[in-house]
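Protein chains in written order, with this note's numbering: chain A, 1 to 469; chain B, 1 to 469.
Warning: the hint list may mix true and false statements.
[Unchecked claim] Computed footprint of chain A on chain B; a stretch qualifies when at least three of its residues, placed anywhere within it, have a C-beta under 8 Å from a C-beta of chain A:
1) 32-42
2) 160-173
3) 326-340
4) 347-357
Derived from the structure by calculation, the hints contain no laboratory data. Ideal Cβ positions, reconstructed from N, Cα and C, are used throughout, including at glycine.
Number of protein chains: 2
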Amino acid sequence: MLHTVRLTAPSLRPNLPAQMYKSPDENRPPAAEILTIGDELGRGEIVDTNTAWLAQQLTELGLQVRYRSGTNDQLEDICEALQRAACRARVVVVSGGLGPTEDDITVEAACALWRLPVVIDPAHEARLRSRFAERGVPLTPNNLRQLRVPQGAEVIENPVGLAPGFRLDLGPAACWFFPGVPRELRAMFTSVAARIREHGLAGAEAAVVLRRTFRVIGLGESHVDHRLRGMLDGLPADLLARQAQRPTLHFRLSFPEVLVTVVARSRDSVAARELLDSVGIEVRRRLGGAVYSEGEDDLPVVVGRKLAARGETLAVAESCTGGLLGALVTAVPGSSAYFLGGVIAYADAVKQALLGVSADTLARHGAVSEPCVRQMAEGVRHRLGAVWGAALSGIAGPTGGSVDKPVGTVHLALAGPTGTVARRMIWPGDRDQVRRIAALAALNLLDRALSPERAAPPEGGAAPGEERL
Amino acid sequence: MLHTVRLTAPSLRPNLPAQMYKSPDENRPPAAEILTIGDELGRGEIVDTNTAWLAQQLTELGLQVRYRSGTNDQLEDICEALQRAACRARVVVVSGGLGPTEDDITVEAACALWRLPVVIDPAHEARLRSRFAERGVPLTPNNLRQLRVPQGAEVIENPVGLAPGFRLDLGPAACWFFPGVPRELRAMFTSVAARIREHGLAGAEAAVVLRRTFRVIGLGESHVDHRLRGMLDGLPADLLARQAQRPTLHFRLSFPEVLVTVVARSRDSVAARELLDSVGIEVRRRLGGAVYSEGEDDLPVVVGRKLAARGETLAVAESCTGGLLGALVTAVPGSSAYFLGGVIAYADAVKQALLGVSADTLARHGAVSEPCVRQMAEGVRHRLGAVWGAALSGIAGPTGGSVDKPVGTVHLALAGPTGTVARRMIWPGDRDQVRRIAALAALNLLDRALSPERAAPPEGGAAPGEERL
Numbered sequence: 001m002l003h004t005v006r007l008t009a010p011s012l013r014p015n016l017p018a019q020m021y022k023s024p025d026e027n028r029p030p031a032a033e034i035l036t037i038g039d040e041l042g043r044g045e046i047v048d049t050n051t052a053w054l055a056q057q058l059t060e061l062g063l064q065v066r067y068r069s070g071t072n073d074q075l076e077d078i079c080e081a082l083q084r085a086a087c088r089a090r091v092v093v094v095s096g097g098l099g100p101t102e103d104d105i106t107v108e109a110a111c112a113l114w115r116l117p118v119v120i121d122p123a124h125e126a127r128l129r130s131r132f133a134e135r136g137v138p139l140t141p142n143n144l145r146q147l148r149v150p151q152g153a154e155v156i157e158n159p160v161g162l163a164p165g166f167r168l169d170l171g172p173a174a175c176w177f178f179p180g181v182p183r184e185l186r187a188m189f190t191s192v193a194a195r196i197r198e199h200g201l202a203g204a205e206a207a208v209v210l211r212r213t214f215r216v217i218g219l220g221e222s223h224v225d226h227r228l229r230g231m232l233d234g235l236p237a238d239l240l241a242r243q244a245q246r247p248t249l250h251f252r253l254s255f256p257e258v259l260v261t262v263v264a265r266s267r268d269s270v271a272a273r274e275l276l277d278s279v280g281i282e283v284r285r286r287l288g289g290a291v292y293s294e295g296e297d298d299l300p301v302v303v304g305r306k307l308a309a310r311g312e313t314l315a316v317a318e319s320c321t322g323g324l325l326g327a328l329v330t331a332v333p334g335s336s337a338y339f340l341g342g343v344i345a346y347a348d349a350v351k352q353a354l355l356g357v358s359a360d361t362l363a364r365h366g367a368v369s370e371p372c373v374r375q376m377a378e379g380v381r382h383r384l385g386a387v388w389g390a391a392l393s394g395i396a397g398p399t400g401g402s403v404d405k406p407v408g409t410v411h412l413a414l415a416g417p418t419g420t421v422a423r424r425m426i427w428p429g430d431r432d433q434v435r436r437i438a439a440l441a442a443l444n445l446l447d448r449a450l451s452p453e454r455a456a457p458p459e460g461g462a463a464p465g466e467e468r469l
Numbered sequence: 001m002l003h004t005v006r007l008t009a010p011s012l013r014p015n016l017p018a019q020m021y022k023s024p025d026e027n028r029p030p031a032a033e034i035l036t037i038g039d040e041l042g043r044g045e046i047v048d049t050n051t052a053w054l055a056q057q058l059t060e061l062g063l064q065v066r067y068r069s070g071t072n073d074q075l076e077d078i079c080e081a082l083q084r085a086a087c088r089a090r091v092v093v094v095s096g097g098l099g100p101t102e103d104d105i106t107v108e109a110a111c112a113l114w115r116l117p118v119v120i121d122p123a124h125e126a127r128l129r130s131r132f133a134e135r136g137v138p139l140t141p142n143n144l145r146q147l148r149v150p151q152g153a154e155v156i157e158n159p160v161g162l163a164p165g166f167r168l169d170l171g172p173a174a175c176w177f178f179p180g181v182p183r184e185l186r187a188m189f190t191s192v193a194a195r196i197r198e199h200g201l202a203g204a205e206a207a208v209v210l211r212r213t214f215r216v217i218g219l220g221e222s223h224v225d226h227r228l229r230g231m232l233d234g235l236p237a238d239l240l241a242r243q244a245q246r247p248t249l250h251f252r253l254s255f256p257e258v259l260v261t262v263v264a265r266s267r268d269s270v271a272a273r274e275l276l277d278s279v280g281i282e283v284r285r286r287l288g289g290a291v292y293s294e295g296e297d298d299l300p301v302v303v304g305r306k307l308a309a310r311g312e313t314l315a316v317a318e319s320c321t322g323g324l325l326g327a328l329v330t331a332v333p334g335s336s337a338y339f340l341g342g343v344i345a346y347a348d349a350v351k352q353a354l355l356g357v358s359a360d361t362l363a364r365h366g367a368v369s370e371p372c373v374r375q376m377a378e379g380v381r382h383r384l385g386a387v388w389g390a391a392l393s394g395i396a397g398p399t400g401g402s403v404d405k406p407v408g409t410v411h412l413a414l415a416g417p418t419g420t421v422a423r424r425m426i427w428p429g430d431r432d433q434v435r436r437i438a439a440l441a442a443l444n445l446l447d448r449a450l451s452p453e454r455a456a457p458p459e460g461g462a463a464p465g466e467e468r469l
């Protein structure tokens, strides 16, 4: 273990009685602590998502996040919280207060506590100067302020922003500091996770921590929970015996998807992989074709990969979603390989003029109807010369519903080489939810058309009200 | 003030040196602390939204949330965190661990710390029994478990769930305990807020807390910060003298917008409003037309309201944003009053076929060019019969850039009754950022066309590189 004890001045020793330094308990995983800093958090202006994300990462490293803490941008409070965290955790992760403004004083607090001077990191400064020079923009003192670090601290590169992170050790605790911007923190933490392992700071028991995420669409969270209950206990005993700790199952809603993650904490990677494979078979048996994928890739990525592999193209015709389906599809880098474009047919006149929906259909069935979305899907497929045409028309709310067509009613259609299929869904949520679930339902319809294996029903069939897409 | 000091047994005194009991500082608002309890938070399985919500409520009560803290469902850790919170805050709000399962031990921790027996609250038990009897469902021990409270604690009704909350005082601190379910906590906190005021625990000085948010687009956060520096100190002295506390200025990034919020804590509502009006004039003088609105409404809402008031319509032609502009516009309820639809022209063939972009333009200038977006904007305006046509074409990345047209280059055009304007922007961010800033830049172009007052430059004009939309 690499522990540089820099804290030598007696006045800087944490202001706590000796018994508060916890001795490591062999029966518990090593403790970690997360400290988030910022007045905006103290006033509740933003929800802190860094803590949950960091807690996941640290848990996977075999650490236990025993305390979470937070302070405002107040020098003495930050120092006190840092000292306390260092007394009770082996790994301390600090986020926030490394920005360009006068409020951001986390560097000053760290320097006060460790008695180090504040310096500008030369590597980051050189990069910043060349970046600004390229754009012909002058550098302000504020820009440079963001590059402050304590002298002698181990500097952590920020690949996606300006402020570098850094590491300092306080007594037996390794303290890592990150900017509070979530995407910067996440990009930087990856290298730190490796460092935590290298330094032997991670939980020693679990030699291997592997997780696998199963992505589920079309079943509600409580139904997924119900169908998977007891699954881990039913795994073969010899397989469980080869794990360092009991595997755990976690649910996360990424509306409208449900993400099911299994974490294996094993003695070796073979045991971990066998456990995950075994769980995977069981998850698919219990949930059937509602499982559309494994891993980090969401539905737009998964569908896009299948289209690209087949050399097929997609066009969209959107009414109630107003472009959201296209936006989701094109959020994927490289989507131009399979996405041609589409028509946002919000007004009925646009449905007629650009998609060829007939006046008769609109008059007899209305825009929110199966005949209308069929014509929209076929129209956009034909006019853009795509292999697949997907269409949506619905009532996103909050007004515009009727007895026959309540708010949340959406008609979907998919036109393809072998004909057109249509679906109707009613989702009792707000405008944002209806639009999002509708756009993903259209993609789900396409993914099912591209994936014969998704025809499998869940074990015992779906219960009434269970399937929703 | 009502302070029942129940803590008599010496062994239960917080295990801290005397100097750690902070004496109240007259220059700072009274301190509050939020403590969230739960293993699921420590493992990062859920994002804690209670802390932000509670922090807002406590801030409005004139308290300062000085520390935020959290523990797992561990008896000794909860006790330690409670003791510490009671040493440094006057109001402590605890959420979580009041549920039906064996994991939920917040009541046990409170009872251990205060040396009180655990009892079932009789009022909640009677209500629960009658509720179950009505539904003909038998009561399980788990159901009753949720009704535990420390004997003698002040019980807080839970109008929307089973578990009651309670209050206990530890030394000078009033500690309120709530279930962790956000809707239950929120429903219960209302009565507690009144209690905090009654007990004189709130920041007594601030009779009125009012806030106003100014929405800024086209200036970076550091430039906004720089331009507003010292603004509050420059306010008229007699106006400041009528405030209960110094007003505060907060920045929040809602990419690519910057939200500037001023909080007035005043003796009366007249003084608060006068302060906010005075700040508003100064903010607009310093930032000019970069301030597009005040309040909660974002750019799509603001633009939509102006279009609706004028009886004018909008159509969009999107390449790199793939539908995102349309999705933002139609996220606003009632947008069908002014939004007709548009064309997602991802492939060049769609730009030609549906928007009338000429083959010659594409061959000579490429799709990411001013001539192309001009034709797209004019084409969609003409074909959909809209008053305004907005178009975008760019390179969102991560690949596809060149020396002339680096990743992040986006051309925008707005065609309207008096002709077409075009802009070029280069944004050095990732794909999501480029697409989002481009879509909002197009709306900003429209909002400026609809808003003569936004022609005002910032005081002294914009510095080079300062304006970005």
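Query raised in the report: Can you give the numbers of the hints that this structure goes against, from lowest to highest?
Result: Hint 2 alone not satisfied by this model.
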